[in-house]
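Asker: Sequence:
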Amino acid sequence: MERREFIKIACGLVGAWPLAAVAQQPGKPRLVGILGADATVWRPWTAAFVAHLRELGWIEGGTVAIDYRWAAGRSDRVSEIAAEFDRRQVDVIVTYGSAATVLRQTITTIPIVFAVAFDPVRGGLAQSLAHPAGNVTGVSIQQPDLVGKRLELLRQAIPKLHRLAILADAGYAEPMLEAERVKSTAQALGLEAARLGVWRAEDIAPAFEALKNKADALYVVSDALIAANRARIVTLALSGRLPTIMSYDDYVEAGGLMSYGPDYADLFRRAADMVDKILHGTKPGDIPIEQPTKFDLAINTKTAATLGLTIPQTLLTTADQVIK
Numbered sequence: 133m134e135r136r137e138f139i140k141i142a143c144g145l146v147g148a149w150p151l152a153a154v155a156q157q158p159g160k161p162r163l164v165g166i167l168g169a170d171a172t173v174w175r176p177w178t179a180a181f182v183a184h185l186r187e188l189g190w191i192e193g194g195t196v197a198i199d200y201r202w203a204a205g206r207s208d209r210v211s212e213i214a215a216e217f218d219r220r221q222v223d224v225i226v227t228y229g230s231a232a233t234v235l236r237q238t239i240t241t242i243p244i245v246f247a248v249a250f251d252p253v254r255g256g257l258a259q260s261l262a263h264p265a266g267n268v269t270g271v272s273i274q275q276p277d278l279v280g281k282r283l284e285l286l287r288q289a290i291p292k293l294h295r296l297a298i299l300a301d302a303g304y305a306e307p308m309l310e311a312e313r314v315k316s317t318a319q320a321l322g323l324e325a326a327r328l329g330v331w332r333a334e335d336i337a338p339a340f341e342a343l344k345n346k347a348d349a350l351y352v353v354s355d356a357l358i359a360a361n362r363a364r365i366v367t368l369a370l371s372g373r374l375p376t377i378m379s380y381d382d383y384v385e386a387g388g389l390m391s392y393g394p395d396y397a398d399l400f401r402r403a404a405d406m407v408d409k410i411l412h413g414t415k416p417g418d419i420p421i422e423q424p425t426k427f428d429l430a431i432n433t434k435t436a437a438t439l440g441l442t443i444p445q446t447l448l449t450t451a452d453q454v455i456k
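In terms of the working numbering, the sequence shown is residues 133 to 456.
Worth flagging that the hints you see were computed from the coordinates, not collected in a lab. Since we're looking at a predicted model, the values are computed, not measured. None of the hints are false.
Simulated DEER-style distance windows between Cβ atoms:
hint, residue 1, residue 2, range
1, Glu341, Arg254, 29 to 39 angstroms
2, Ala171, Gln423, 24 to 34 angstroms
3, Phe427, Gly329, 25 to 35 angstroms
4, Ala326, Thr195, 44 to 54 angstroms
5, Ala262, Lys292, 41 to 51 angstroms
6, Trp331, Gly193, 36 to 46 angstroms
7, Glu212, Thr240, 15 to 25 angstroms
8, Tyr200, Gly266, 21 to 31 angstroms
9, Ile191, Gln445, 42 to 52 angstroms
10, Gln259, Lys346, 32 to 42 angstroms
11, Thr367, Leu321, 23 to 33 angstroms
12, Gly194, Val253, 33 to 43 angstroms
13, Gln445, Lys160, 50 to 60 angstroms
Calculated pairs, DSS-like style, for lysine-lysine (alpha carbon to alpha carbon, straight line, at most 25 angstroms):
hint, residue 1, residue 2
14, Lys346, Lys315
15, Lys160, Lys415
16, Lys292, Lys456
17, Lys281, Lys346
Beta carbons: idealized from backbone N, C-alpha and C, even for Gly.
Please take these sequences and the hints and turn them into a complete structure.
Answerer: See below:
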C-alpha cells in the first residue's frame, strides 16, 4: 500500500512535523512500522497494540497498515530496518529502547515510540519524562525499586544467595545501564556481583562456561539479543544448575526460574495511545513518557524442583503465574 502524501504548507515550507497539516486521503492508510526484538516474544504484545488501536478507531488493513520487522538480536539488522523505514517514510515507528537509540542516529523527523525502555533519560533518548523533546516518546520501565524487588525475590527463593552474575548485551547502552544498576544494588545488599557482557549469540555458551561454579544465581537483562536466544540461555542455565531471574514470563515458560516485570501487554496498549495522538497531529516530544503501574511475578516450580530449590509457599501465593 502506498503511504499517504503530505500537503506542503504555505510558502513551500514543510514543517518538521507535517502530520498536523495533512489531509487524509480516502483509501490511503497510515503506515506504522514496528521494529521488534523477537517475533515470538512480541506476538502477544503487538496483538494488544493492534487491538487497542482498533478500539481507538484504527483498523489494520483499513485505515492503518502495519509493517512488522524483527531485529533477531542483530544490531546490524536494526540499522538495516531503520534505513528501510526511513526510505518508506513511515508515519510512526514503534520499537524498544536500544533500537530507538540506533534509529535516532539517522531518523530525526519520523516519530518514534518506544513501547519499552529501561532509562530513556539517562540513556539519552529524552530530555525528561515530562518533556521528551525531539521525535521520541514512549514508556519507561525504569523504576527506583524494580531491580531491588527482583533481587529481593531471588533472595527469598535462594536464602543462601551470595554470588550473583549479571548477563547483558554489551552492544547497547541500555542493557548495560540496567546491569550496572543491578550490580550496585546487589553490592549494597551485601552480595558479590559481576557483570557478564555478550556481544553476539556465539558469546553466550562461553559466558556460561566462565560462570561454572562461580555464581549462585543469574540475573538476565532482557533485550533483543537475549530474547532471540532465550531458549539457549535457559538450557545452559539449567545445565549449569543456575537459577535465573528475568523480566517477563516468556522466559519462565521456556524454563527459567522466575520473572518479575511490568505488564508488557499494557505497555503496548499505552504505546497505541501515543501512536493515536501522533497520527492525529501531536508532536511526540510533547507527549510525556509514561511508566508502568502493574507488575507481574511468574515462577516455574518444575524448574525449581530440577534445581533442587523449594520455593517458599509465601512467595508462591504472591505469584501472578505459577508454571508447574
